[in-house]
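S.K.: Spelled out, the chains give:
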Amino acid sequence: MRFASHRDVARVFERGVRRAGLPIAHSAGFTPHPKISYAGGAPTGVASEAEYLSLALTTRNEAADVRERLNAALPDGIDVIAVTEDAGGLPASRLTASAWRVILPGVSPEAAAPAVEKFLALDQAPVERLTNKGMRRMDARAAVVSLTVVTSAVSSLNAVSPTGTVSSVEAMLSAAAVSPADGASGCVVMEMVLRHTVPAVRPDDVLTALSGISDLASSVPAVMTRLTQGVLGETGVVAL
Amino acid sequence: MPVESVYPKLEPLLPLIRKPVQYVGGEVNSTVKEWDETDVRWALFYPDAYEVGLPNQGIAILYEVLNEQDGVLAERTYSVWPDLEQLMRENDVPQFTVDAHRPVGAFDVIGVSFSTELGYTNLLTALDLAGIPLLSADRAEGHPLIIGGGHAAFNPEPIADFLDAVVLGDGEEAVLLITSLVRAWKRDGEPGGRDGLLLSLAATGSVYIPRFYDVSYLPDGRIARVAPNRPGVPASVSKHTLLDLDAWPYPKAPVVPVAETVHERYSVEIFRGCTRGCRFCQAGMITRPVRERSITTVGGMVAGGIKATGFSEVGLLSLSSADHSEINSIAVDLADCYEGTNTGLSLPSTRVDAFNVTLADELSRNGRRSGLTFAPEGGSERMRAVINKMVTEEDLIRTVTTAYSSGWRQVKLYFMCGLPTEEDSDVLAIADLAKKVIAAGREASGRRDIRCTVSIGGFVPKPHTPFQWAAQCPPEVVDERLRMLGAALRSDRAYGKSIGYRYHEGTPALVEGLLSRGDRRVAAVIMAAWRDGARFDGWSEYFSFDRWVAACETALSVTPVDLAWYTTRERDYSEVLPWDHLDSGLDREWLWQDWRSAVTPDGASEVEDCRWTPCYECGVCPAMGTEIQTGPTGERLDGRRLLPVLPVLSGAAGGR
Chain X
1 MRFASHRDVA RVFERGVRRA GLPIAHSAGF TPHPKISYAG GAPTGVASEA EYLSLALTTR
61 NEAADVRERL NAALPDGIDV IAVTEDAGGL PASRLTASAW RVILPGVSPE AAAPAVEKFL
121 ALDQAPVERL TNKGMRRMDA RAAVVSLTVV TSAVSSLNAV SPTGTVSSVE AMLSAAAVSP
181 ADGASGCVVM EMVLRHTVPA VRPDDVLTAL SGISDLASSV PAVMTRLTQG VLGETGVVAL
Chain E
1 MPVESVYPKL EPLLPLIRKP VQYVGGEVNS TVKEWDETDV RWALFYPDAY EVGLPNQGIA
61 ILYEVLNEQD GVLAERTYSV WPDLEQLMRE NDVPQFTVDA HRPVGAFDVI GVSFSTELGY
121 TNLLTALDLA GIPLLSADRA EGHPLIIGGG HAAFNPEPIA DFLDAVVLGD GEEAVLLITS
181 LVRAWKRDGE PGGRDGLLLS LAATGSVYIP RFYDVSYLPD GRIARVAPNR PGVPASVSKH
241 TLLDLDAWPY PKAPVVPVAE TVHERYSVEI FRGCTRGCRF CQAGMITRPV RERSITTVGG
301 MVAGGIKATG FSEVGLLSLS SADHSEINSI AVDLADCYEG TNTGLSLPST RVDAFNVTLA
361 DELSRNGRRS GLTFAPEGGS ERMRAVINKM VTEEDLIRTV TTAYSSGWRQ VKLYFMCGLP
421 TEEDSDVLAI ADLAKKVIAA GREASGRRDI RCTVSIGGFV PKPHTPFQWA AQCPPEVVDE
481 RLRMLGAALR SDRAYGKSIG YRYHEGTPAL VEGLLSRGDR RVAAVIMAAW RDGARFDGWS
541 EYFSFDRWVA ACETALSVTP VDLAWYTTRE RDYSEVLPWD HLDSGLDREW LWQDWRSAVT
601 PDGASEVEDC RWTPCYECGV CPAMGTEIQT GPTGERLDGR RLLPVLPVLS GAAGGR
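The listed protein sequences derive, respectively, from chains X and E.
Residue 1 is where the first sequence starts when you use the working numbering, and the numbers rise one by one after that.
Residue 1 is where the second sequence starts when you use the working numbering, and the numbers rise one by one after that.
Next comes chain X alone, as it looks inside the complex (with noise of 0.2 Å):
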């Protein structure tokens, strides 16, 4: 499901709803939509583990049984972690911060290390993203709350196949044929922490930053994983 749009997204659960047979309210009018929103979609190209959405029902259902009756009904690579009853709804602004998973394949951590380091030490970093409203500008390093490199073992990553199968990133490596032999080995795992800021500043404009300060180029895509959504606690993001 990484790659799918959040149109996509939205295709699948509204389908998924009605195969599930779960009673979902409609709007007014002459086209009918059924109720269903989302607080904050992830990019595509992007996974995640942490996205909101809230489903108007006409009738009331224990959250355990629309959980169990939707995630049969959902295709592979989408998953209902936790349901929850609230009258409320879900307003994206209760949503404020998400902590997120990036892989660098290809990258050497010698390179990544001090490169973090750089741009923490920075007042700011200025990034350009084009988006669909013109060519935004946001500054990277505000959004930023925390940005670590974890790791650079390949052996202990792995990366889910769209089949649920899953294949390593060595794997990934030997088909972009990057080898670890090769002086810069191996790959680079960063978490980070980001604010949710407007406009939105995403783990790849973070990338863009780091790589206008040091050489952290690489030649294969990096993967990317929402990990949590939430508010921010003492100890990173909590989910609600």
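None of these hints come from the bench; they were simulated from the model.
C-beta atoms are modelled at their ideal positions from N, C-alpha and C, and glycine is treated no differently.
Each hint should be verified, as a subset may be incorrect.
Computed Cβ-Cβ distance ranges for the label pairs, DEER-style [as the list claims (entries may be wrong)]:
#1 ILE81/X <-> GLU4/E: 23 to 33 Å
#2 TYR414/E <-> ILE81/X: 30 to 40 Å
#3 ARG94/X <-> GLU173/E: 54 to 64 Å
#4 ALA494/E <-> GLY134/X: 39 to 49 Å
#5 ARG493/E <-> ARG94/X: 55 to 65 Å
30 Å max Cα-Cα, derived DSS-like pairs, lysine-lysine [to be verified]:
#6 LYS35/X <-> LYS19/E
#7 LYS252/E <-> LYS35/X
#8 LYS252/E <-> LYS19/E
#9 LYS307/E <-> LYS252/E
#10 LYS19/E <-> LYS133/X
#11 LYS35/X <-> LYS497/E
#12 LYS19/E <-> LYS33/E
Selected chain X positions facing chain E (in silico; Cβ < 10 Å) [unchecked claim]:
#13 PHE3
#14 ARG15
#15 GLY21
#16 GLY41
#17 GLY45
#18 ILE81
#19 VAL83
Once you've looked at the hints, dock chain E against the given chain X.
M.R.: Relative to the frame of chain X, chain E by itself:
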């Protein structure tokens, strides 16, 4: 030994291309079987992009029919966009199936479904990416069997050199027959090698093996003869006709895409075949006779299909859905059953004379008002008589009046340009018709904001129709008429702004004409165009007329024929047509008589509909041992039994 998924090599490429999710698979209702637990493996290929290929009914049906069999595996593959094609070549990633990302070269059979001739170059791309030799003659043991089907396969001669086998007509029983022969051949140690298998297919009389026929030519370029070049091969090959469609209620649970596709609904074929006899229509001619599904079967399929897919729209498909003998009951009962569940019902374009108020009301009941489309095809009554589309201006006005007064604001009208005997005045008559439609609509609805869209394209004469001998109208003539029509519509002060105008240029139609009525010499043209970069020829962003003209010049320079010879030349009765050895059941004499009676200067004669009037002996039923299968059964649908788990919404929006 199990075959490995190519996904690990594919995944790093996906962030670099557009719409990557179409290649990822894992869709609901996708079937993946263990490779080693099956002994006959099919890759079903639709030679266009995923967004077009996934909703295709033909592939959806065969996918289920095959996967329901023990020991048989069927997966799907589609054409990859040029951005991924390039990366696949650079990174050594072969053509793969979307279900389990297996390389298609590892399968026993690749079944290719051609709805249109413009997919031919995409076939070559897929074979090339799969590492399979493009020419049938170059393939060896270990290469899959490449089998073509679909409507365009009724004249497969332009791609005969690239296909190992061709199936004409309905595929359900044909694929099971082929599967059993492949299974037996493999089990017996592949006797006779590849040719041995192909001979056993040819011996059934209903699978065409192009390599087993030789084509010879006369000095002036016409075909002299098409004949078998070995014993055990029939002189002519027949199409397959599935009788009793109620016994084959597929697809039951079609694949549900994650990506956006061109149709997003559960589709039921309410009948196959057509008896109206429109002279230009290949689909109507080659799918005879009519075989309906009963209202009970349709109701059951709709209930099961909605439950299995979660789609909120249902399409009732056929060549002319309003002709179904029980269409009013079907529409009323389905609308009743699904009232309040936000399930939309749609019919594809209906015949003007079969549409009625009941149908209009039922279709709009569940709130969603899908657009209404009608296809008069000819602008003047004279023109419509030539093509045997017996729709009077009165019929059309009455029908659109019904539509507009039932609340529709938009009506689309399809026309063709370049029909046999056409003059400028016939095309300009379309403008008059459109204006009358708007006038009638404004009066019927009491509003001025009603609209009508005129959509028109160039006519391409097709094999196995009465017009198969016709000269295709040259693109310059077509383009000039389309320009005149556009000017006539725009210039009208009173109505111009209420009429939308969509048209297709003349040149792609000429290439379609070459590929539709071409013979084996056209294979060299396709190859040349493909080598020059031709891909996705059905897409205006990719189609290049100049490239095809150049390919014709290069490839046909050693022959006495050229692009015009294949397209704008009228054929004679005695000429051997490239598809004469392929039997659609239609009597050639009858087709010729119908052609002459259409273009006679005294005015074309009308052929009626054999569903309700006596047989006019087109030849299909006696030749094929088939019969028309229609209702009405008189049954009705019981909502309590039909309704899936979806509860009726109380108080929330449903209906109008």
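S.K.: Determine for every hint whether it applies to the structure shown.
M.R.: Verification of the supplied hints:
1. ILE81/X <-> GLU4/E: 23 to 33 Å: 31 Å, holds
2. TYR414/E <-> ILE81/X: 30 to 40 Å: 49 Å, violated
3. ARG94/X <-> GLU173/E: 54 to 64 Å: With a Cβ separation near 59 Å, ARG94/X and GLU173/E satisfy 54 to 64 Å, so the hint holds.
4. ALA494/E <-> GLY134/X: 39 to 49 Å: About 42 Å separates the Cβ atoms of ALA494/E and GLY134/X, which means 39 to 49 Å holds.
5. ARG493/E <-> ARG94/X: 55 to 65 Å: 57 Å, holds
6. LYS35/X <-> LYS19/E: With a Cα-Cα distance of about 26 Å, the restraint between LYS35/X and LYS19/E holds, given a limit of 30 Å.
7. LYS252/E <-> LYS35/X: 28 Å, holds
8. LYS252/E <-> LYS19/E: 28 Å, holds
9. LYS307/E <-> LYS252/E: Distance of about 10 Å is within 30 Å: holds.
10. LYS19/E <-> LYS133/X: 20 Å, holds
11. LYS35/X <-> LYS497/E: Violated, at about 37 Å.
12. LYS19/E <-> LYS33/E: 27 Å, holds
13. PHE3: 4 Å, holds
14. ARG15: 3 Å, holds
15. GLY21: Holds, about 3 Å.
16. GLY41: Hint violated; GLY41/X Cβ to chain E Cβ min 14 Å, cut 10 Å.
17. GLY45: Holds. Min distance 5 Å.
18. ILE81: 19 Å, violated
19. VAL83: 18 Å, violated
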